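Keeping their order, the protein sequence lines are chains C and V. Counted from 1, the first sequence has number 42 at position 42 by this note's numbering; the numbering is strictly sequential. Counted from 1, the second sequence has number 138 at position 138 by this note's numbering; the numbering is strictly sequential.
Rather than coming from a laboratory, the hints here were simulated on the basis of the structure. If a hint is listed, it holds; no wrong ones were tucked in.
Covered stretches of chain V, as calculated for chain C (at least 3 residues, CB under 8 Å):
1) 146-152
2) 172-179
3) 229-243
4) 246-255
Some residues of chain V that are not near chain C, with every Cβ distance over 10 Å (derived):
5) PRO35
6) TRP37
7) GLY99
8) THR104
9) ARG129
10) LYS221
Remember, it's a predicted structure, so these values are computed and weren't measured experimentally. Every residue, glycine too, gets a C-beta built ideally from N, C-alpha and C.
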Amino acid sequence: MIVYLRSGGKLRDVLRPDIDDYTRKVEVDDGLSIEQILAVLQIAPAMVAFAFADGTVRKLDYVPTDGETITLQSPVAGG
Amino acid sequence: MPGSDDRSARNELHDPTVGLSSDDRARFSRQLELPEWSEGTQADLRAANVFIAGAGGLGSAVALYLAAAGIGRVTLADPDTVELSNLNRQILYASGDIGAPKVTAAAARLTSLDPSTVVRPLSERIDERNARRLVAGHDIVIDCLDSLASRFVLNRAAHDMRIPMVYGAVARFTGHVSLLRPPETPCLACFVPDKEPPTPTPVLGCTAGLIGTLQATEAIKHLTGIGEPLAGRLLVVDTLALRFDVLDVEKDAACPVCSGQDAG
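Full structure from sequences and hints, please.
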């Protein structure tokens with residue numbers, strides 16, 4: 001399946017966007033969770049706090065559907 | 001700070017339950033003209049008692065805008081002193097404040113902005129031993145802390161004391177805001193995992209100011225009952241891409257803080 005991964009901040013450095021400045025198109029096996037897709041891309045799960053898709057916050061065990069855009073969010077803790 | 005004792009003495013005499021003075025009518029005239037606003041709304045703010053955890057980049061914007069809006073009482077907790085590297089974002093402070101306790105400098109700044117605002121400075125670090133005691137008696141808690149560990153402590157205290165909390169966090173060009181009031185909404189531990197990023201966090205000062213300003217707005221909306229609160233939703237801001245995403249947040253049935261509660 002095709003999944004579009006989007007990110008800003010520090011994650012963009014490791015995501016290596018190719019669609020635009022923030023988005024990378026990846027082709028992975030059906031049924032993979034976000035965490036499993038990150039493993040395929042060799043992105044450490046510690047770099048991603050959560051994701052969001054279709055207007056809802058998703059944990060990393062969320063399984064995207066074909067063609068879905070997933071925005072990855074780095075841990076944010078500054079004040 | 002010269003004059004701060006005088007201001008504190010005047011503050012002790014202020015009774016936030018008394019109606020608006022002629023000075024207050026002039027001071028707040030531009031917001032009193034808002035159709036959503038009234039003298040009663042303004043009186044609600046004067047009667048409010050707000051706990052601001054952290055007096056850094058977020059806390060600066062939150063405290064200044066709440067004092068400017070006419071909040072009656074503010075407790076400001078932060079154990080640090082002002083450093084030169086704070087001044088790109090911590091707009092409560094000026095170069096002359098370097099070396100001073102943040103909460104002392106902040107109290108002087110806030111009471112110079114509005115002498116009727118009662119500021120209670122607490123030069124304490126929030127931890128598991130003192131968190132519940134510190135937040136007790138406040139109408140709302142505003143999270144302007146600089147670590148996930150301390151945020152989780154504050155989240156649990158606010159949850160246990162049934163005090164709503166405005167969550168805010170910032171890093172680089174990104175920020176988060178949400179109004180947490182479990183059991184109606186998720187708590188922080190429902191959607192933020194315990195993944196502490198490295199410190200210090202690089203940040204553009206105006207991004208911190210934007211997030212703090214949004215936190216102040218949510219606090220004012222909650223205290224006055226106007227508008228649509230960011231309850232059960234998370235605002236994710238990316239100022240580099242200039243994106244504002246408002247996301248639904250679901251409760252975690254296995255949340256170590258708030259699971260097992262009945263909503264409503």
